[in-house]
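Generate the whole structure from the sequences, applying the supplied hints.
The primary structure of each chain is shown beneath.
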Amino acid sequence: MSQLRKDPIVGRWTIVATERARRPAAFVDPKSTVTDQKECPYCQDTNSPSVYEAHGVKVINSNDPILDESKPFERRGHGLYDVAHSYGSHEIVVETPEHIPNMADLSSEQIKAVFQTYALRMQTHRKNPFIEYILAYKNYGVAAGSRNIGHSRSQIMAVPVLPMRVQDKISGAEKYFDYHERCLFCDIITQELKSKDRVVAQNEHFLVITPFASRFPFETWILPKHHHCDFAEGIKGYEDSLAAIMKDILLRFKIGLNDPAYNYMIQTSPVKNPSSFKDYYHWHIEVMPRLTRVAGFERGTGFYICPIPPEMTAAFLREVDIHA
Amino acid sequence: MPELRRDPVVGRWMILDDHSKGPLDFSKDDNTPTHQAICPFCPGREHQTPQEVDAVRPVNSLANTPGWLVRTVPNKFPVLSSDGSLQKEGYGIYDQMTGIGAHEVLIEGPEHDKNLTEFTSEEMQAVISQYQNRFRHLSKDRRFKYVMIFKNYGSSAGATVEHTHSQIIALPMVPKTVLEELKGAEHYHQYRGRCVFCDMISQEYQDKERIVVENTSFLAFCPYAPRYAFETWIIPKGHSADFSNADESTQAHLAQILQDVLKRVKKVLGNPSYNYYLHTAPIGYGNMACYHWHIEIIPKLTRSVGFEWGTGLHIVPTFPQDAARYLREASS
Numbered sequence: 028m029s030q031l032r033k034d035p036i037v038g039r040w041t042i043v044a045t046e047r048a049r050r051p052a053a054f055v056d057p058k059s060t061v062t063d064q065k066e067c068p069y070c071q072d073t074n075s076p077s078v079y080e081a082h083g084v085k086v087i088n089s090n091d092p093i094l095d096e097s098k099p100f101e102r103r104g105h106g107l108y109d110v111a112h113s114y115g116s117h118e119i120v121v122e123t124p125e126h127i128p129n130m131a132d133l134s135s136e137q138i139k140a141v142f143q144t145y146a147l148r149m150q151t152h153r154k155n156p157f158i159e160y161i162l163a164y165k166n167y168g169v170a171a172g173s174r175n176i177g178h179s180r181s182q183i184m185a186v187p188v189l190p191m192r193v194q195d196k197i198s199g200a201e202k203y204f205d206y207h208e209r210c211l212f213c214d215i216i217t218q219e220l221k222s223k224d225r226v227v228a229q230n231e232h233f234l235v236i237t238p239f240a241s242r243f244p245f246e247t248w249i250l251p252k253h254h255h256c257d258f259a260e261g262i263k264g265y266e267d268s269l270a271a272i273m274k275d276i277l278l279r280f281k282i283g284l285n286d287p288a289y290n291y292m293i294q295t296s297p298v299k300n301p302s303s304f305k306d307y308y309h310w311h312i313e314v315m316p317r318l319t320r321v322a323g324f325e326r327g328t329g330f331y332i333c334p335i336p337p338e339m340t341a342a343f344l345r346e347v348d349i350h351a
Numbered sequence: 096m097p098e099l100r101r102d103p104v105v106g107r108w109m110i111l112d113d114h115s116k117g118p119l120d121f122s123k124d125d126n127t128p129t130h131q132a133i134c135p136f137c138p139g140r141e142h143q144t145p146q147e148v149d150a151v152r153p154v155n156s157l158a159n160t161p162g163w164l165v166r167t168v169p170n171k172f173p174v175l176s177s178d179g180s181l182q183k184e185g186y187g188i189y190d191q192m193t194g195i196g197a198h199e200v201l202i203e204g205p206e207h208d209k210n211l212t213e214f215t216s217e218e219m220q221a222v223i224s225q226y227q228n229r230f231r232h233l234s235k236d237r238r239f240k241y242v243m244i245f246k247n248y249g250s251s252a253g254a255t256v257e258h259t260h261s262q263i264i265a266l267p268m269v270p271k272t273v274l275e276e277l278k279g280a281e282h283y284h285q286y287r288g289r290c291v292f293c294d295m296i297s298q299e300y301q302d303k304e305r306i307v308v309e310n311t312s313f314l315a316f317c318p319y320a321p322r323y324a325f326e327t328w329i330i331p332k333g334h335s336a337d338f339s340n341a342d343e344s345t346q347a348h349l350a351q352i353l354q355d356v357l358k359r360v361k362k363v364l365g366n367p368s369y370n371y372y373l374h375t376a377p378i379g380y381g382n383m384a385c386y387h388w389h390i391e392i393i394p395k396l397t398r399s400v401g402f403e404w405g406t407g408l409h410i411v412p413t414f415p416q417d418a419a420r421y422l423r424e425a426s427s
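These protein sequences, in sequence, are chains A and B. Quick note, my numbering runs 27 ahead of the 1-based positions in the first sequence. Quick note, my numbering runs 95 ahead of the 1-based positions in the second sequence.
To be clear, the hints were calculated from the coordinates, so they are not data collected in a lab. Just to be clear, a hint being listed does not mean it is correct.
[Unchecked claim] Mimicking EDC-like on lysine to aspartate or glutamate, the simulated pairs with C-alpha atoms at most 20 Å apart in a straight line are: (1) K221/A x D190/B; (2) K271/B x E201/A; (3) K223/A x D190/B; (4) K278/B x E201/A; (5) K303/B x D109/A; (6) K278/B x D109/A; (7) K33/A x D190/B; (8) K271/B x D195/A; (9) K278/B x D195/A; (10) K221/A x E184/B; (11) K33/A x E275/B; (12) K33/A x E338/A; (13) K202/A x E98/B; (14) K116/B x D91/A; (15) K98/A x D190/B; (16) K98/A x D195/A.
Structure follows, in structure tokens:
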């Protein structure tokens, strides 16, 4: 019989197939990511000047931005509805000067430079009083929403509103803290280290798990073992560890699942009033290989059907030989 | 200029891109039927599905034989099982329960390559009346809290069998998206003493530009803060929280407008894959003052990217007033 599992943070239920679960090998991506180097806009010296450049990482403004910082932020009402102009910034982080498609193939040094760049850009954007949230994320591969260019890059968006899923996570964590006076994420880490069956990898400072109520097959979270609500502040002193664990998990995906499309996103606390989040929020990274389509039921209910238990995907990922 | 808009029910912000995409700017699926030789939903192969639980068929015809107009069978590969009792259990900080529920397939018609847009009005009405029958039947099971009726059409919307069908899933809890709607609607009602959906309907009549079509009982419009391009809602004009109360004439009007909108979607977007699902009050909540049942139709035109997964902040490339205009101007 399948199982219903509840995400302890946002309270979302997932159906986890157990008996008739698909085998991990059934998710291996049949087609590897094809790329074409000739037209890579990130290899040539682009016309758009970089807003930041160091250690082989370059940040440029998106040339097709959906957010615009040039006019002051203004909210309006339209009858019953609320509207604002699309204020904010949208930047592309070109992660390496070399034409390498997958972050998994960058050196740990280079990955470290990328994450340090995210932190620096976040520190800059949070000085803007209109910005409420900053999201650093990556779309790798066409199925993950990326254009087929083949040059490793990620994106940073700074927006003037608090997005719904972020709000959900924060209020879930706050409720838990109000009752237990402990951080929910710290409790998750303790329980996962004890039960071990959803642990994919770990090092001194970070733990990688497949979450108990996964929405997608092979959904993976990277959690810092030390409590901190904010990514940009919290990684100070732990950058090498983070780069090492990122490379580790991305290699497990690449080797174990045949270079699948994936997304990752950094979940950090909102920009304003950081002191109010510091006790109960805990930054982390969600990594999501894109192996199945989301169908009508999931969209209509916000209730996901995960075709394989996370214990099985964790075991599969643990056994991938990344040194092969 | 791009805009940020907030959904008035659940409070979700979204981004409207200003490079407004027209209906021809999306890549398409080929949803031409192939006439599979081995379709288990075709008449004459009733034995290949689990035993039917309900059907619209002539009074003298036997269950699990041809002659039916609509036929509902348990899903051969159910995601939830209807046998057993509901057991809730804690596991450290986690909560889990047994996967109890019902998962049924509603085969909408006997002809393999005829889809809803080609149905006669009687055939369409038979589908809607079967939706309601199954809804009422499953609502009697005390283990269930919610019944979700939905349709996946086309491969990229998740359909695995091309013979026209919908699905019904009964759940032992109220799903998150519906809970969010209920919570938002309740909050609005507490503050203003009115139904937020009724207020949306009056606002849509005032603005007019997002209306697709209407009939005596229903309004079809593109919501002000959509999550997807060409997202379209069908909503009863009069306040009604519970789909299971819709009477025969309301059902006929629903059949008419649903088919009308699907024809427009097919014509404007070139037979795209789509999903639709019915949102209604949870079992036993009855006719709540704050909630209002409706159908959401979502053509599958774009993939969602990491940013949307991570934040719930959707980026929509078509303004709803443009989508509504295309759909309105298409003669159905």
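Evaluated hints:
1. K221/A x D190/B: 17 Å, holds
2. K271/B x E201/A: 18 Å, holds
3. K223/A x D190/B: Holds. K223/A to D190/B sits at ~18 Å (cutoff 20 Å).
4. K278/B x E201/A: Roughly 18 Å separates the two Cα atoms, so the pair holds.
5. K303/B x D109/A: The given pair, whose Cα atoms are some 17 Å apart, holds under the 20 Å limit.
6. K278/B x D109/A: Roughly 18 Å separates the two Cα atoms, so the pair holds.
7. K33/A x D190/B: 6 Å, holds
8. K271/B x D195/A: 11 Å, holds
9. K278/B x D195/A: Roughly 13 Å between the alpha carbons, so the hint for K278/B and D195/A holds.
10. K221/A x E184/B: Given that 20 Å is the threshold and the Cα spacing comes to 19 Å, the pair holds.
11. K33/A x E275/B: Holds, at about 16 Å.
12. K33/A x E338/A: 15 Å, holds
13. K202/A x E98/B: 32 Å, violated
14. K116/B x D91/A: The given pair, whose Cα atoms are some 14 Å apart, holds under the 20 Å limit.
15. K98/A x D190/B: 47 Å, violated
16. K98/A x D195/A: 29 Å, violated
Hints 13, 15, 16 from the earlier list are contradicted by this structure; the remaining hints agree with it.
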